[in-house]
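Engineer: Sequence:
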Amino acid sequence: MCDPAKTLSSPNSPRSDAYRGWLFKWTNYLKGYQRRWFVLSNGLLSYYRTQAEMAHTCRGTIQLATALIEVGDPCHLVLNSGGRSYYLKASSEGECQRWIAALQLAKANAIHMLHQSDDSGDEGPVSQTDRTLAQGALKTLASKLDDLGTCNELIGKHGVALQRSLSELEELQAPNDSGDKVKAVNERATLFRITCNAMVNACRDFLELAELQSRRWQRALQYEREQRHHLEETIEQLAKQHNSLERAWRESPNTHTGGVKQSEEVDASDEDEDTEFFDAMEDSPAFITVTAADHNHRRPSGCNQNMSGGLVSAWNQGENMPKGHRNRIPDKPNYSLNLWSIMKNCIGKELSKIPMPVNFNEPLSMLQRLTEDLEYSELLDRAAQCTSSQEQLCLVAAFSVSSYSTTVHRTAKPFNPLLGETYELDRLEEYGYRSVCEQVSHHPPAAAHYVTSQRGWSLWQDITIDSKFRGKYLSIMPLGSIHLQFHSSGNHYVWSKVTSTVHNIIVGKLWIDQSGDIKIFNRRTKDTCHLKFSPYSYFSRDVPRKVTGVVMDIEDKAHYILSGTWDDKMEYAKIVESNRGCGGTDTKQKTVYQTLPPKLLWKKYPLPENAENMHYFSSLALTLNESEEGVAPTDSRLRPDQRLMEAGLWDEANTQKQRLEERQRHDRRRREAQAALALGEGREDESCLPLWFEKRSDPESGESSYVYRGGYWECKESQDWSQCPRIF
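Under my numbering, the first residue of the sequence shown is numbered 1, with each subsequent residue one higher.
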């Protein structure tokens with residue numbers, strides 16, 4: 001315990017923000033009193049676990065103006081605020097007395113400031129000078145207002161006299177009298193002009209005084225806004241803590257019985273082990289990276305240094321988007337909606353056929369969500385430089401996992417693209433790639449995607465979404481394959497996506513889980529990587545969102561073990577030895593792998609500031625819907641309903657969404673009629689064919705898929721979009 005005299009200022013000090021120090025706070029019967037760092041500032045008593053937490057996390061805040069301070073046993077005190085009691089304990093009786101004096105003084109000041117705020121409307125004590133200036137300004141303004149009133153009366157009088165003179169001038173009979181009458185009119189006009197000038201000058205003086213006083217009100221308003229912002233930050237911290245506690249209880253409820261802090265404290269005995277062995281079933285890739293006894297083992301060849309040394313620096317640098325792109329969108333409005341009234345009749349139906357309001361959407365289309373898979377394209381850039389196909393496969397596996405990291409908080413569905421809708425993303429200057437997507441089918445919904453990179457790789461995918469609403473949860477099953485080819489080596493990788501499940505659709509807080517297996521296959525070398533996404537289980541002791549995998553060659557010999565979580569990071573470890581164990585009662589024996597120390601393979605970028613109010617978008621997602629000149633007229637950026645939703649105009653967005661859906665139904669009936677007519681005439685209907693993709697048969701698998709036919713970027717360069725339909 002530090003010396004209280006050094007951490008706590010004198011109670012006689014007028015500054016309330018000088019009080020800070022260590023106190024013990026009662027938590028629960030399992031943990032008892034826990035040491036916390038307390039800070040007294042502006043009538044608020046905040047506490048943290050450590051002093052370092054002051055920079056980012058506040059554990060709680062007590063409003064002293066409405067709190068009741070009770071003195072208990074020696075060294076003990078109790079604060080009652082908002083129906084909650086805080087039991088505190090100091091290390092000595094003297095320190096406890098100093099805290100009590102400081103708290104009582106801070107409470108008195110807070111109450112005094114509160115009363116002054118109620119009486120005068122200001123947020124702090126008003127000095128005598130400020131009062132004198134304010135009273136003088138009010139008197140001057142009143143005087144100027146009287147001057148304006150006098151001018152108004154004079155204008156009225158002179159106006160009446162001027163009108164009378166003009167009437168007399170019109171009634172003149174003798175020309176001799178005309179000179180006197182004209183002279184009288186001129187005099188009246190002169191008096192009128194002088195009075196008007198006086199009024200204008202008085203108004204100008206009034207305006208100058210009002211502007212001067214306005215600046216004073218602005219300063220007072222700024223102070224009020226700062227106080228309000230401070231209060232909002234405190235409430236936001238409390239909300240985040242509540243959310244974290246709720247999520248921690250849901251993910252690891254067993255920790256509440258033992259009071260173990262798994263995320264913050266690590267048993268030191270685990271770090272002292274030089275060699276660890278873990279069992280791994282042959283039929284399951286649920287492996288954990290292990291440490292080899294021989295730390296002097298030779299480093300594997302290939303791009304191992306790139307994969308280990310460069311990844312951390314790339315992660316640190318990658319969180320900032322290139323200059324010129326936006327880093328925020330309007331905050332999401334708080335719209336309430338009765339979900340059950342819409343979903344109760346949709347159980348068992350396909351999600352794409354359910355008419356949903358934009359309240360369940362996020363302001364991105366499915367085409368943009370596919371493009372968001374490229375958030376960690378630097379993994380593929382690094383893989384293109386690998387000379388070892390197994391290490392290259394590790395990076396490809398990390399890339400396949402990274403595409404799910406942006407979904408951990410994204411429970412809203414993207415907009416269903418219209419048939420013929422496209423989306424492009426040109427990042428040649430920043431990341432060396434260009435991407436184009438097109439909605440090639442509406443029922444079932446299917447999208448084709450093609451990416452080419454100047455850094456040695458190409459990626460294409462043809463994805464169809466199958467979704468079912470089961471009442472308690474919603475399952476989204478992506479169907480189709482993802483192809484990735486590296487230009488220099490010719491390695492061609494193929495894999496599919498796993499199932500995404502949104503839980504608590506009707507009751508409770510929405511949360512998303514990824515589950516299933518991914519098999520990444522290298523068509524050239526026949527290497528494979530088996531990835532297992534473990535579904536969340538209330539009774540499991542495993543880390544939530546766990547992903548494990550193993551990289552094997554054509555002879556099924558394991559070379560690398562992968563482990564991590566799909567929402568945070570992935571690591572890989574080189575296998576140096578594998579042995580058949582005497583594995584239990586089942587027919588298959590267990591295999592024990594010994595590996596080198598694990599190395600970081602991929603790490604998730606931190607979310608942008610205020611992401612919780614911007615649909616939890618990543619840095620890349622924030623840029624996907626920003627306006628861009630020269631794109632095709634079918635680009636998702638030009639969707640009016642999506643654009644209105646992003647701006648927070650959800651009612652207008654729903655109106656536009658209904659208009660587009662009705663137009664799409666009309667176009668579908670027209671296409672069906674054209675297709676029937678073409679069939680009757682014995683010719684092929686070309687009205688439904690995609691514009692930038694065409695269906696081809698895969699020579700190796702025999703499956704048909706949509707492949708980029710080319711021409712999009714050439715049309716963009718010439719700005720010739722005459723082929724594009726008008727779908728918006």
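No wet-lab data here; the hints were simulated from the structure. There's no promise every hint is true.
[Unchecked claim] Here are the simulated DMTMM-like cross-link-like pairs (lysine to aspartate or glutamate), alpha carbons at most 25 Å apart as the crow flies: (1) Lys-716 with Glu-700; (2) Lys-599 with Glu-609; (3) Lys-526 with Asp-381; (4) Lys-25 with Glu-53.
[Stated by the list, open to error] If you anchor each label on the Cβ, the simulated ranges turn out as follows: (5) Gln-218 with Glu-609: 21 to 29 Å; (6) Leu-141 with Asn-610: 24 to 32 Å; (7) Gly-648 with Gly-83: 46 to 54 Å; (8) Lys-509 with Arg-59: 44 to 52 Å.
Computed from a prediction, not measured in an experiment: that's the story for all the values here. In this text, a Cβ means the ideal position worked out from N, Cα and C, and glycines have one as well.
Engineer: Does each hint hold? Answer for all of them.
Structural biologist: A quick look at each hint next to the structure:
1. Lys-716 with Glu-700: Status violated; Cα separation ~33 Å.
2. Lys-599 with Glu-609: violated (29 Å)
3. Lys-526 with Asp-381: holds (22 Å)
4. Lys-25 with Glu-53: Since the Cα atoms of Lys-25 and Glu-53 sit roughly 16 Å apart, the hinted pair holds (cutoff 25 Å).
5. Gln-218 with Glu-609: 21 to 29 Å: Given range 21 to 29 Å: holds, Cβ gap about 26 Å.
6. Leu-141 with Asn-610: 24 to 32 Å: Violated, at about 41 Å.
7. Gly-648 with Gly-83: 46 to 54 Å: violated (35 Å)
8. Lys-509 with Arg-59: 44 to 52 Å: violated (22 Å)
The structure fails to meet hints 1, 2, 6, 7 and 8 from the earlier list, while all remaining hints are met.
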